[in-house]
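For the protein sequence lines, the chains are W and E, in the order given.
Mind the numbering: the first sequence is residues -7 to 191 in the working numbering, read in order.
Mind the numbering: the second sequence is residues 4 to 280 in the working numbering, read in order.
No lab work stands behind these hints: they were computed from the structure.
Any given hint could be a false lead.
Partial chain W-side listing against chain E, Cβ under 8 Å, derived [unchecked claim]:
1. Gly12
2. Gly111
3. Leu121
4. Ser139
5. Val140
6. Met147
7. Lys151
8. Pro168
9. Val169
10. Ala179
11. Ile182
Note that the structure is predicted; figures quoted are calculated from it, not measured.
Where a beta carbon is used, it is the ideal one built from N, C-alpha and C, also for glycine.
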Amino acid sequence: MVQYAKPLARLVGEFEKLPGIGPKSAQRLAFYVMRLSDEEAKTLGDAIAEVKAKIGYCKTCYNFTDQEECEICRDSRRSDTHICVVADPRDLIAIEKTGEFRGKYHVLGGVLAPMEGIGPDQLKLRELLARLQTIEAEEIVLAMNPSVEGDATAMYLAKLLKTLGLRVTQIAHGIPVGGDLDYADQATLIQAYDGRREM
Amino acid sequence: MAVYNTHAIVLRRIPLGETDKIITLMTRDGGKYNAVAKGSRKTTSRLAGATEPLMFLRASLAEGMNLDILTQCEIRESFAALRGDFGLYLRATYSCELLDKTTPERDTVSAPEAFDLLLSTMYVLQRATDPDACVHAYELQLMAQIGYEPQLIECVRCERAFDEAMVHTTVYAPARGGAMCDVCADTAKDETFPLSATARLAMLDLRYEADPRTLAAYALPEGEPRAEIARALRSHLRYRLERDVRSTAFLDAFRLGAMDDIDSLMNPLVPPTKDTP
Ligand SMILES: [Zn+2]
Ligand SMILES: [Zn+2]
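This is chain W alone, in the form it adopts within the complex (with noise of 0.2 Å):
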C-alpha cells in the first residue's frame, strides 16, 4: 500500500484530530494546504500559534479574550447586574449578535454531563458564585442549549442560584421563527407548549 511521505502523512494526522473531521476531509485540508503558497502557509501557522500564545480567559468571564478582562466586561456602559449564563463562548457571540443583552455574561465552560463524568468542579461554576457575591446581581439569565444536559444545567443553576435569593431567568425556548407548526418536532412542541404564555 502506497503511503504518504511522513510530514504530509503527519498533517492528515493532525486534521483527522479536529471535531467534525473524517480521513477524506483531512486529506482534502491536507492537500488545500500542500497548495498553498509558502506565504499563505506560514499565514496560517502563525495564526495557529498567535491564538495560542495571545488568547486566554477573561477572568470575570471566561470569555476568550487577548487582554486580562475582555471588552464586554470592560465596558462601562453595560450593565454589571444583569448576568447572562452561557455554556460556550460560541453562545455568547450568538446572543451577542441579537443586540438584545446589555448585561455581562458568564461562561461556563461546558455543561453539566454525567456521563461524560462532567460536573460543578469541571465548569466554572465556582467562579460564577464567588462573582455573584461581589455584586449586587438583579437578574441571572440562563442561556443553555435546548439540549437535555442544557436543560438539566440550566435547572440545577436556577435552584442553586436561588437558594442565594436571585432573580433568576432562562430564554424560552419553542417552535423556531419561520417554522411551521405542522413541521416541529414532538418535543420542541412538548417544551413550547409548556413554556406558554399570557397574552
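Dock chain E with the ligands against chain W, hints included.
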C-alpha cells in the same frame, strides 16, 4: 435499503460532523446499537428533540453499511418529569448508562427483558415516593438478569442461610458478591461493609418486586440502612463491571447533598470517600 420499525430508548448521543448525531439505542427486539440521526442537530430538524437521551420512541430505521440510519420517529414518552427534576434526571441518566455499560451490542436474547426493565424503571421513577428505592430495584434486577446477582439469602462464605427473623448483623463482601454472616466476617480478609438485617431484607424486597405500583410506593428504611444499601450496591457493581459508570459520581454527590450546598461547591471538593463506612 431495508427499512424497519422498532421501539427504542435513547441511551446517549454524541455529535457527528456538523449537524448529525450518533445515538445509542436500546431496542426491544434488536438489542443495543448505535444509529445515525442525520441533521438532528439543526434546530429545525424534526429529529432534534426525539434523539435526545431518555426519549422512548417508535423509530423507523434504514439498514446502513456501518450504522443504521434513523429516518423517522414518533415520541412515545418524553419523560418530562424526569427531565424536569434534577435528582430524577441524574437517576434516569445513571440507569441508562448502567444499561449501556452492562449490555453487549446487538444481544437480541437478553434485550426484551433489559429493555422492559429500563422502561418500567423510567416510568416508576416519574412517580416514585422514594426514587432511590426504584434505582436500587433496577440495579438488583439488572444484575440478576446478567448473572451478577448479589447473594442475600445465605452467607457467601459458609453458605449458612440467613433466617428472615434473624436480626444478626451481617456484612456485605463485594469481592465475593454477597452478604456474609458475622462469624465468617470476623475471620474474612475480604473488604466488607456493615449490612444490617433491615438493609438486607429491603434489598431482597426490591430484588423481587416487579409490580410498578408497589415499587413507586416503596420507601427505603431511613438512616443507616439506606446508606448501607447504597454502599453495598455501589461496591458490588464496582467489582462486577469492567467499565466505570461515570454518572455514579454525580448521583453520589447529589445524594450527599454536596451539589446543592453553596459552601461545599465554593470550597474545592474533597473527593467523596466512597465505600468507606
Ligand atoms: Zn469578560
Ligand atoms: Zn458465614
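Status of the hints after comparison with the structure:
no., hint, in the structure
1, Gly12, "5 Å, holds"
2, Gly111, "6 Å, holds"
3, Leu121, "6 Å, holds"
4, Ser139, "6 Å, holds"
5, Val140, "5 Å, holds"
6, Met147, "5 Å, holds"
7, Lys151, "7 Å, holds"
8, Pro168, "5 Å, holds"
9, Val169, "10 Å, violated"
10, Ala179, "2 Å, holds"
11, Ile182, "6 Å, holds"
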